[in-house]
Amino acid sequence: MTVLPVGDGAESATRAATQPAARGRSTRAWWHTNTGRRLTFGYLLLAPAALYVLLLVGIPFLFSLYLALSDANVGDPVARFVGLENFRAAWEMDTFRDALRNSIVFLVVAAIFKSLLGTSLAFLLLQNFKGKKLVRALVVIPFTLPISVSVLSWKWMYDSQFSVINWGLHKAGLIGAYGSESWPIWLGQPHLALLACIGVNVWRSFPFSAIVLLAGFTSVPNEVLDAARVDGCSFFQRFRHVVTPMIFPILIIGFLFDTVFTLSDLSVVYLLTQGGPGSATMILPVLAYQIGIQAGSLGRGAAIALMLVPLLFLALFLMLRNLKRRD
Amino acid sequence: MSDLQPAPTVQGSVSRRRFLKVTGGAVAGSSLLTMLDARQAPAQIRGTTLRILTWSHFIPAYDVWFDKFSAEWGEKNGVKVRVDHIPHLEIPARMAAEFAAGTGHDIILNNSTILARLYYKSLLDLTDVYDGLGKKYGGWIPAAKSPIEVEGRIYGIPMYYILLPMLWRKDLFEASGLKPPDTWELARVAARTLKPKGNPTGIAFSHCNDANLNWRSLMFSFGAVETDPSGDHPAFDSKEMREALRFAKALFDEGMTPEVFSWDDASDNRFLASGIASWIHDAISAYRTTESTNPSVFKNTFVANEPAGPGGKRVSVSAPIVFLAWKFSKNPQATKEYLSYLVDNDKEGMIQSTGYNMPFLNDNAKKPMPIIGADPKLQVLQDFPKIVAFFGYPGPYTPQIQEVANLFVLPDIFTKVARGTSVDDAVKWGVGEYRRIFAKHKRA
Chain A
335 MTVLPVGDGA ESATRAATQP AARGRSTRAW WHTNTGRRLT FGYLLLAPAA
385 LYVLLLVGIP FLFSLYLALS DANVGDPVAR FVGLENFRAA WEMDTFRDAL
435 RNSIVFLVVA AIFKSLLGTS LAFLLLQNFK GKKLVRALVV IPFTLPISVS
485 VLSWKWMYDS QFSVINWGLH KAGLIGAYGS ESWPIWLGQP HLALLACIGV
535 NVWRSFPFSA IVLLAGFTSV PNEVLDAARV DGCSFFQRFR HVVTPMIFPI
585 LIIGFLFDTV FTLSDLSVVY LLTQGGPGSA TMILPVLAYQ IGIQAGSLGR
635 GAAIALMLVP LLFLALFLML RNLKRRD
Chain B
33 MSDLQPAPTV QGSVSRRRFL KVTGGAVAGS SLLTMLDARQ APAQIRGTTL
83 RILTWSHFIP AYDVWFDKFS AEWGEKNGVK VRVDHIPHLE IPARMAAEFA
133 AGTGHDIILN NSTILARLYY KSLLDLTDVY DGLGKKYGGW IPAAKSPIEV
183 EGRIYGIPMY YILLPMLWRK DLFEASGLKP PDTWELARVA ARTLKPKGNP
233 TGIAFSHCND ANLNWRSLMF SFGAVETDPS GDHPAFDSKE MREALRFAKA
283 LFDEGMTPEV FSWDDASDNR FLASGIASWI HDAISAYRTT ESTNPSVFKN
333 TFVANEPAGP GGKRVSVSAP IVFLAWKFSK NPQATKEYLS YLVDNDKEGM
383 IQSTGYNMPF LNDNAKKPMP IIGADPKLQV LQDFPKIVAF FGYPGPYTPQ
433 IQEVANLFVL PDIFTKVARG TSVDDAVKWG VGEYRRIFAK HKRA
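Which chain is which? The protein sequence lines are A and B, in order. Take the first sequence: its letter number 54 is residue 388 in the numbering used here, and every next letter is one higher. Take the second sequence: its letter number 380 is residue 412 in the numbering used here, and every next letter is one higher.
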């Protein structure tokens, strides 16, 4: 290591004369290098998105973490630190455990149906037929309608007395008349109620799955599919061994979005059943809202909402790891 | 130590500071009371703005009147009044947002979910307005203070409450030789008799406000209570509560269909209007709706007093509607002036709501009341102010009771029993839920 002499004026002059040459050789400012300029430009482009995530996701997340560890309520700005008390208390609630179970069932069942329906719809939209553009426009309607409007329509369709679904089933001879044992009470029987809520979520979201898949399908070069066809691959073989691996990253991202949307979906259950009957349709976002906002216990509500985070992280981790392995 | 203590004051002697404080307060207070009494708005409120957040009333004509009334008051007093209507279920979230932001509406309506005790530190103390109005109109009904009183101060002005009486089909009862449903037992006999004839009854066993209100009316009429009078401890684990639960189970088995598990607040309205229901226990909106949707059913639908329990007790649990005002309101004077004027016109409000709004003030509750006093079928509603109670009865309407109501714990106890859980197990579950919620609030 070279140590520059520090001392009188003559020494300083010598140093001043030798330094620029040294810098020019080995310590040119990092941001003046090509790599530096490229990276600086890259980070500058990234900055708005990073700032957005930090301000609108990171800070609220940290704030909810702070709330979850305190006894904050909506009417009192001063909160005490209570450690993990809110998490412990939530875990002791029967309703919380029901909500956790229902959230997982909701997510898994909805994902299965959305995958099946989304894939079918995407294949359908790949075909050439008359009125294809109109059909494409129509299928996204559930996704674009205001959720309150669409869920209230479903509430009418599930009405215990005037359900159009039951009316149709009755006319088809599949169920008895109103008041009979076979007349389904969609939002009143525990399993049916959960299924009914999942049904609305699937109806609302599967066009999104279809659009994501459609984007993936159209990105697969025809030559590759033709080659597979020439090699004698059946439709399902082509789908499994050619299409799926090629669109896997898109599938994972779509699946990730859908997981987040489904697990944090408050509106469908809140508007249809408010978690009832009993706690048959209670899910974590609804419980968090009822306790945190309606009853004003921000700390407890935040703790319940944060219980979603490990679930989401697990899903995220598994999906991204799978994606990385395939890469 | 003793040096730090203030010198003892001699009784009767008055310091200059104390004199100024007392006389200043007295002058300000008496000026306000004089202005309130004379209905003359102070000049200071001219040129200000008053923002009111209220619900969308079940009677749309009332909202039209309310908006016009508020605008006219504003014009008269030189105040720019803005009224925003939102669904009442969204009000708690809006209040939380306004509290967090420290800005928003000056006056906020609370319906059923009364948040006065939760936000009282940030609410305007309205004790002077409340006391003044009480003095002017013969006092408030006993239940009025329950949702808005905290540590002896008043943080809201009760506007009206919504009753849920018994609405019964006289034609069906008479055809089967049944007595009017004056007691819960008679109501059960009617349900048991009329269900096989295609006319079941129904009370929601679901997560809706009607379920919260109706099952409490039943249990309180059976002699059960929700909390002790202090409101600090749940007290429903009792013989009377078990009796009420057994009764509810029998009522469900004998007189209802499983659709009650799916009902929302409007389902029983439709049930009555469809002509199927033999009786329902609901707000008179159901009765009013039937007037236009099914006139023949309306003709035969009658309103009964709250059914009495086995001991003859009648308690009607109602949905209170109160106005709160933020302490950070920029216009506290106009807020108080407006609220006083609104209560002064309570009777007009009752008329505009077609008898839906029930008065909290004794003088306004005297017979004959507007609309309902003139309608032979509705006259019985005039007897309700004596038996009205709110959540938490006989204790006050506390934040813990609010949380219990928000989570529908009480309807869930009844639902469990109706679905086959033993009464003891359901009560045990309910006690656990109540205790957890009460313990959390006690710690806070």
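Just so you know, not all the hints are guaranteed correct.
[As the list claims (entries may be wrong)] DEER-style ranges, computed between Cβ atoms:
{"id": "1", "chain 1": "A", "residue 1": "PHE457", "chain 2": "B", "residue 2": "GLU286", "range": "49 to 55 angstroms"}
{"id": "2", "chain 1": "A", "residue 1": "THR578", "chain 2": "B", "residue 2": "PHE360", "range": "26 to 32 angstroms"}
{"id": "3", "chain 1": "B", "residue 1": "GLY170", "chain 2": "A", "residue 2": "SER598", "range": "40 to 46 angstroms"}
{"id": "4", "chain 1": "B", "residue 1": "GLU286", "chain 2": "A", "residue 2": "ALA549", "range": "57 to 63 angstroms"}
{"id": "5", "chain 1": "B", "residue 1": "HIS265", "chain 2": "A", "residue 2": "ASP428", "range": "44 to 50 angstroms"}
{"id": "6", "chain 1": "B", "residue 1": "LYS100", "chain 2": "A", "residue 2": "LYS464", "range": "40 to 46 angstroms"}
{"id": "7", "chain 1": "A", "residue 1": "SER598", "chain 2": "B", "residue 2": "LYS331", "range": "47 to 53 angstroms"}
Treat the hints as calculated values from the structure; they're not laboratory data. C-beta: ideal position from N, C-alpha, C; glycine also.
Are any of the numbered hints broken by this structure? If so, which, sorted upward? 2, 3, 5, 6
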